[in-house]
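Enquirer: Here the protein sequences line up with chains L and S, keeping their order.
Residue 439 is where the first sequence ends in our numbering, and the numbering goes up by one at each step.
Residue 920 is where the second sequence ends in our numbering, and the numbering goes up by one at each step.
Just so you know, the hints here were simulated from the structure itself, not pulled from any lab data.
Using N, Cα and C, we set each Cβ at its ideal position, and we do this for glycine too.
Among the hints, a few may not be true.
To give an idea of the chain S side of the interface with chain L (calculated C-beta under 8 Å), a few residues [said to hold, decoys possible]:
1. Arg466
2. Glu726
3. Ser786
4. Pro789
5. Leu805
6. Arg883
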Amino acid sequence: MSVSTRSVGAALADVVGSSRISDRPEVLRAAALDDRVPRWVVRPASGEQVAAVLALAAEAGLAVAPRGSGAARDFGGPPERLDVVLDTLDLVRILEYKPDDLTVSVEAGLTAGALAASLNPRRQQLPMDPPGWAGRTLGGLVATNAHGPLRARYGTFRDLLLGVRFVQADGLLTWGGARVVKSVSGYDVPKLMVGALGTLGILVELTVRLHPMPDREGTWLITLPSAAAAQAVIALVLDSALEPMRLELLNAPALQACSAPSASVAVAISIGSVERAVREQGARLEELARRAGGRATALGEDFWDRYDRAFTTAEGEVVLQIGVLPSLIAQTLEAITAGQTDLRSGATPMVTGCAARGSIRVVLTGADVEDAAAFVTHLRAAIHGFDGSVVVQAGPRELRTALDPWGPVEPAAFELMRRLREEFDPRRVLNPGRFVGGL
Amino acid sequence: MPLKPAFVQELRAIVGAEGLVMSPEGRMVYECDMHTYYKGTPDLVVLPTRTEQVVEVVRRCREHQVPVVPRGAGTGLIGGAMAPRGGVMVGLNRMNAVLEIDLPNRCATVQPGLINSWLTRAVAERGYFFAPDPSSQMVASIGGNVATNAGGAHCLKYGITTNHVLGLEIVTGAGELVRLGGKVADRPGYDLTGAVVGSEGTFGLVTAITVRLLHAPEAVKTVLASFASLVDASHAVSDIIAAGIIPAALEMLDAVIIRAINAGVAPVYPAGAAAVLLIELDGPGAEVDRQSERCAGLCRERGALEVRVARDEAERALLWKGRKEAAGAVGRVTSSYLLQDAVVPRSKLPDIMQEMQTIAARHGVLIANVFHAGDGNLHPLICYDERKPEEVERAGLANEELLQACIALGGSITGEHGIGVDKAKNLPLQFAEADLNFMYRLRRVFDPHGIMNPDKLLPSHPACGEGFRPLRPSLPPGAWI
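My request is simple: use the sequences and hints to build the entire structure.
Expert: Here it is as structure tokens:
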């Protein structure tokens, strides 16, 4: 390449057009990740432009952070470097919706809410409902492996993502997977992109599996006297022929946050099916609740909206994602309660989570950094013993520097992850420092 | 190239003389899988009984740069478990233990050689089952299911193997023992478990697998609908999916298959029908009742000749017996066939069925169909007589045209059988250079020395060992510095 006096910024502007790049201080400050302020914010209009931006970035040794809605901006470790924030909010086209195949291909910057609006008239859904889902981009949801209560029946993006187009760190536009619901052609590349935080490529297009909406839905809240009773009712439901859509655990502060009947702990269960099956399963739920020493009451349709609003977190709140064996939910709840008593700031953790998969989410509001760090350390010590994990999904930078937000990864597996990252992004262009082990 | 005696001695020290197959007649058994067209005899077969032995075998092979070919039950259909370059085949059948059944957490950990249906048998009494159900499930190993990411009739509702694998233990091509994923969800880091499932033994040898177990549904109903044409039946399939019903299974059989099964297995299906749909619904009783009625209604609206619901378990079992034994029954119709596994978007079934009839006529070949209609996964059997080279050639041409037609409709070259040596050459139909490049490099991460299952899954490339690099987007001229 010939020597040129033109700056990288001008070259970026050539690629995306001058209206799609900004270096205005207020724009840059607003796009900062932790204390790293980028030099440019670019907003490509197409996957090809994303590719061209990354080709330039790789050549110039820049660090690039993809950004969707910005909801996960403090997910993972603080960035090691940051030059370009690549905004995907203009990648919003629905490329191909095939209702009769139950698949849709979209650009990655489309929000889940906008997609839902297009699917609703056909009574179809992408069953993906982490708190705040409607305003988040699909690319961001995939990259952070977000999931909500519907996980109990429909799984995570690992089960829903069929195909993916992404740009590798050096600007190569790449496709993996398929646009049909069943394919084992080539390696299962989409799986690698789920939860990878963009470190193996920036997502520009997704093909996902859709599900029909059930004819009817009913939700019941089973209030329970103790963690042990919650464990018992969860076991009874899972060891039955009931097919819940959601099987969500809520502790007392979480119940209060979504204006639900109060109890020391509860399980919210929704059933989706034809009308008679919903009614019959509901009756059986009531009986199972009694057997576990609890009480089931039917909830209004708006419960899950209230849930969504209550747990959509604001900046600065601490969110922990805990993975444990489903059979150890009671112990985990007890560990959380034990850790809570040490919180000097008196903060009360709100606990929710998919009981069917042992996937628990803790929101901690109003705890100072030292307190929150001690709480995480306590939980990790308690949960490590049963092979679980505690990931700090959101929280102030000071917390995520005081401790490793990801927690330990088994060394042999980590070595493979490190090699994978090194193979595909040796210059560390994509989100350097934010993924597990500082990858 | 024969193996060096010193190397063979090292392997014998690892697995013992009883764990080696050296004689030519003994090795011949391992020359192919169920795709008998592709043959390649390994120089040696080792039959380990423990994970540590697998680690040691791979390490020795790596040091000596000898190819390693994994093999389960040998029931694959893609030439995956054969040794095109000789080398060491690792047969995992002796590692067939159930290591743990953990019903409170609805999972089990098994060794790769365990037969698929044995796992369900071990938990059925307690009301659970292992969902992936390839037709070969009575003999296929779970390790093989993981390698190919196997499907089956009921994966329409329940998903394929990968949706049921929680964790793995793998000996990579570098000879490292790595534990990936596990019983607990949401482990931090890349989903390497997901990458290994379906990698056809090109990343390493899987030595333990943790799988989900599902609770058996409350009710099951099987509906049979017969049609006067394949295209009518295909429309009925699309109607059912479009109505928001996802049956547990939705299978189609055509006239050739119906005749073969009625003559060879039992008079199961309506004689004279051009197509039969088997629609199975499972779940809560009230849901199954309602949805089976709706499916029956949709079939009638598409002009079904006959629609009936199996009255009891015996009739249901008979309907499925015909389907599961279809491949064997075809022996009455043809001596040999090419089995395809391509996929089309399910709304395109009527189109591909029409196209298939045109292709069959153009090449003068008989094509029989028995397949997973609900997810658009075709299994045309292209019949030929192997004594007539000209017929073999026509079958081959029809096969290639059909693959291309499926891709043109937006489909995939394989839905559940995998790539192996059989379809590696077809992968570029579906993937561009950049896409394949990503896969070559991914393979190298797990198998840096290139010893694992050579010639499988990816097409050979002049520089594949190095991971060739297609052009990146061009930078603006004279951009900087």
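Enquirer: If a hint holds in the structure, say so; if it doesn't, say that too.
Expert: Structure-based check of each hint:
Interface restraint check for Arg466/S: the shortest CB-CB distance to chain L comes to about 29 Å, outside 8 Å, so the restraint is violated. Satisfaction of the interface hint for Glu726/S is found here, the shortest Cβ-Cβ separation to chain L being roughly 4 Å, below the 8 Å cut-off. Interface restraint check for Ser786/S: the shortest CB-CB distance to chain L comes to about 4 Å, inside 8 Å, so the restraint holds. Violation of the interface hint for Pro789/S is found here, the shortest Cβ-Cβ separation to chain L being roughly 11 Å, above the 8 Å cut-off.
Residue-level restraint check for Leu805/S is violated (minimum Cβ-Cβ distance to chain L is 26 Å; threshold 8 Å). For Arg883/S, the interface hint holds, since its Cβ comes within 8 Å of a Cβ in chain L; the closest pair sits about 7 Å apart.
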